[in-house]
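**Q** Sequence:
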Amino acid sequence: MNRVKLSLILLLLFGINGASLASDNNQSNAVVIPQIFEKAKQNDNWKLAFLTAKNAQIVFMSVSPATNPNNEIGKETHQFDQIIFVVKGQGKAILNGKSTMINPGDIVFIPQGVEHNVVNLSTKNPLKILSVYSSTDIPANSTYKTKADAQ
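Numbering (mature numbering (1 follows the signal peptide of the UniProt record, and there is no 0)) for the sequence shown: -22 to -1, 1 to 129.
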């Protein structure tokens, strides 16, 4: 996915005034991150808080039997918006009970309050995703090797 498409998606998620990942008081937090999808592919942890700001967070996830025996994120609902970028593997997104196949290059747009789950369809290869949240999902700089570690 090119930077223009990613920027448009971030603008839709955060709004024009909130698209910057800089905090209100510290503009030095604004960054350009080259090849972020390649970085996400290298993550082998259940969750890794890659970048956290006041009202946004980027989290890398690796969904596999090694990180979660159920091989899925698990059914959840957030009070904030979420966009999932699929960077490696094949899976199934379940939004409000409706299932759709997902592959690298796909995004899953999840408005706040929508019940969702993402399931890895392989027991051998991890499903690697990058999640962008319109709030913080996990503490800044957190790394959880497995889902059990995050609970």
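These are calculated hints, taken from the structure and not from any lab test.
Just so we're clear, the structure is a prediction, and the values are computed from it rather than from any experiment.
C-beta atoms are modelled at their ideal positions from N, C-alpha and C, and glycine is treated no differently.
Treat the hints with care, since some could be wrong.
To be verified - Below, a list of computed lysine-lysine pairs in the PhoX-like style, where the Cα atoms sit at most 25 Å apart: (1) Lys76 with Lys66; (2) Lys17 with Lys32; (3) Lys17 with Lys66; (4) Lys125 with Lys70; (5) Lys19 with Lys123; (6) Lys66 with Lys53; (7) Lys102 with Lys17; (8) Lys32 with Lys102; (9) Lys102 with Lys123; (10) Lys125 with Lys19; (11) Lys66 with Lys19; (12) Lys102 with Lys125; (13) Lys66 with Lys123.
As the list claims (entries may be wrong) - Pairwise CB distance ranges, derived in the manner of DEER restraints: (14) Val10 with Lys76: 29 to 37 Å; (15) Pro117 with Gly52: 13 to 21 Å; (16) Gln68 with Glu16: 36 to 44 Å; (17) Ala126 with Val9: 16 to 24 Å; (18) Gly75 with Pro12: 34 to 42 Å; (19) Asn74 with Pro12: 14 to 22 Å; (20) Gly75 with Gln13: 31 to 39 Å; (21) Asn81 with Lys32: 17 to 25 Å; (22) Val9 with Lys102: 28 to 36 Å; (23) Lys32 with Phe87: 31 to 39 Å; (24) Asn119 with Leu73: 16 to 24 Å; (25) Val9 with Lys53: 28 to 36 Å; (26) Ser100 with Asn33: 30 to 38 Å.
**Q** All hints, please: hold or fail.
**A** Hint check results:
1. The hinted pair formed by Lys76 and Lys66 meets the criterion: a straight-line CA distance of about 22 Å does not exceed 25 Å.
2. Taking the CA atoms of Lys17 and Lys32, the gap is near 22 Å; set against the 25 Å cutoff, the hint holds.
3. Restraint check: the Cα-Cα separation between Lys17 and Lys66 comes to about 11 Å, which is no more than 25 Å; the hinted pair holds.
4. Taking the CA atoms of Lys125 and Lys70, the gap is about 18 Å. The hint holds against a cut of 25 Å.
5. Straight-line distance between C-alpha atoms of Lys19 and Lys123 comes to about 15 Å, which keeps the hinted pair within the 25 Å bound.
6. Restraint check for Lys66 and Lys53: the C-alpha separation of about 21 Å stays at or below 25 Å, so the hint holds.
7. Between the alpha carbons of Lys102 and Lys17 the distance comes to roughly 21 Å, so the proposed pair stays at or under 25 Å and holds.
8. With a C-alpha separation of about 37 Å, the suggested pair Lys32 and Lys102 falls outside the 25 Å cut-off, and the hint is violated.
9. Pair hint Lys102 plus Lys123 holds up; C-alpha atoms about 17 Å apart against a cutoff of 25 Å.
10. For a cut-off of 25 Å, the pair hint linking Lys125 to Lys19 stands: about 18 Å separates their Cα positions.
11. With a C-alpha separation of about 6 Å, the suggested pair Lys66 and Lys19 falls inside the 25 Å cut-off, and the hint holds.
12. With a C-alpha separation of about 18 Å, the suggested pairing of Lys102 with Lys125 holds against the 25 Å cut-off.
13. Distance restraint check for Lys66 and Lys123: the Cα-Cα separation of roughly 18 Å lies within the 25 Å cut-off, and the hinted pair is therefore satisfied.
14. The given range of 29 to 37 Å is respected by Val10 and Lys76, whose C-beta atoms sit roughly 36 Å from each other.
15. Between Pro117 and Gly52 the Cβ separation comes to about 19 Å, which falls inside the hinted range of 13 to 21 Å.
16. Between Gln68 and Glu16 the beta carbons are some 19 Å apart, a value that contradicts the proposed interval 36 to 44 Å.
17. Restraint check, Ala126 to Val9: a C-beta distance of roughly 31 Å breaks the suggested window 16 to 24 Å.
18. At roughly 38 Å, the beta carbons of Gly75 and Pro12 sit within the given window of 34 to 42 Å.
19. One distance hint, 14 to 22 Å for the beta-carbon pair Asn74 and Pro12, is violated here, with the actual separation near 35 Å.
20. A hinted range of 31 to 39 Å holds for the C-beta pair Gly75 and Gln13, which are about 36 Å apart.
21. For Asn81 paired with Lys32, a C-beta distance near 33 Å fails the hint of 17 to 25 Å.
22. At roughly 35 Å, the beta-carbon separation of Val9 and Lys102 lies within the given 28 to 36 Å, and the hint holds.
23. Separated by about 22 Å at the C-beta atoms, Lys32 and Phe87 break the suggested range of 31 to 39 Å.
24. Take Asn119 and Leu73: their Cβ atoms lie about 30 Å apart, and the range 16 to 24 Å is violated.
25. Distance hint check: the CB atoms of Val9 and Lys53 are about 33 Å apart, consistent with the given range 28 to 36 Å.
26. At about 34 Å, the CB distance of Ser100 to Asn33 agrees with the hint of 30 to 38 Å.
Hints 8, 16, 17, 19, 21, 23 and 24 from the earlier list are contradicted by this structure; the remaining hints agree with it.
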